[in-house]
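Colleague: One line per chain: the protein sequences are B and F, in this order.
Each residue of the first sequence is one higher than the one before, counting from 682 in our numbering.
Each residue of the second sequence is one higher than the one before, counting from 682 in our numbering.
Hints are not guaranteed to be accurate.
Each pair may be met inside one copy or between any two copies, as identical chains are not told apart.
In silico DSSO-like pairs for lysine-lysine, Cα to Cα no more than 27 Å straight-line [unchecked claim]: (1) K719 / K760; (2) K767 / K688; (3) K767 / K719; (4) K751 / K716; (5) K696 / K728.
In case anyone wonders, no lab produced these hints; they're calculated from the structure.
Chain by chain, the residues:
Number of protein chains: 2
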Amino acid sequence: MTESFKKEIVQRIIKNLLDIQLLKLIQTQPMWGYKIKKQVETNFEVKLRHGALYPLLNALEAKGFLASQKQQQGGRIRKVYNITNKGKEYVEAYDSVLKEQIQNKT
Amino acid sequence: MTESFKKEIVQRIIKNLLDIQLLKLIQTQPMWGYKIKKQVETNFEVKLRHGALYPLLNALEAKGFLASQKQQQGGRIRKVYNITNKGKEYVEAYDSVLKEQIQNKT
DNA sequence: TACAATATGTCTTCTTTCAGACATATCTCA
DNA sequence: TGAGATATGTCTGAAAGAAGACATATTGTA
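Please work from the sequences and hints to get the whole structure.
Modeller: Laid out in structure tokens, this is it:
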């Protein structure tokens, strides 16, 4: 029971706090959209539409949480994202809130 | 900056994972809708519409996460909610997922 | 006695979000 | 050379969610 609850909760977090998960993932290493999609799908066992992902990545860049540079390999262009200091602060704030949630200090 | 980020994240969690926050609150002590509303509003500094709260509480009871009994005091009726074992399991699963989030074991 | 607070509920309109299609181009392997 | 994978983007119709009104009754206080 608890295991299925956990899967459900993970899915809810991915759905509602996807941007933070992306920041966390890119924080481990710079990554481009397509790879992010595959990583999220294998890590969390969820489907991630590219039609949802790419606009979100662009929005995170516009907000200053991510910075991108285009890498060209042959004729193929990859938009590689790095996390910014602002992005790292957001992730730190998230982890801080989660700790309070667990300790019930809210 | 981090503080305003924290407020934003708390608001997002309340918005998207309100049911879990209600379970956590009722877990500390049995409570009725109106008191829950006031508690959430002071604890998290957010506004909680009663038009959103009452249907959610009823839904949580229908799912078996909460159980209610009506307490009559004079002519006034309070619907006091208790958390069920199933509800406790859901909260445990949530805390477990949060721990994994912090430790990046996801 | 009138107003604010306590107490619980529904319902409609508006807004936001979501799923999936539409669109294009390269690369690899059979 | 054709199919599947890589790679990134937009757009629209449908579904879900939110805000606020509508609804009713009691209690306490000025």
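Colleague: Return the numbers of the hints above that this structure violates; sort them in rising order.
Modeller: Per hint list: zero violations.
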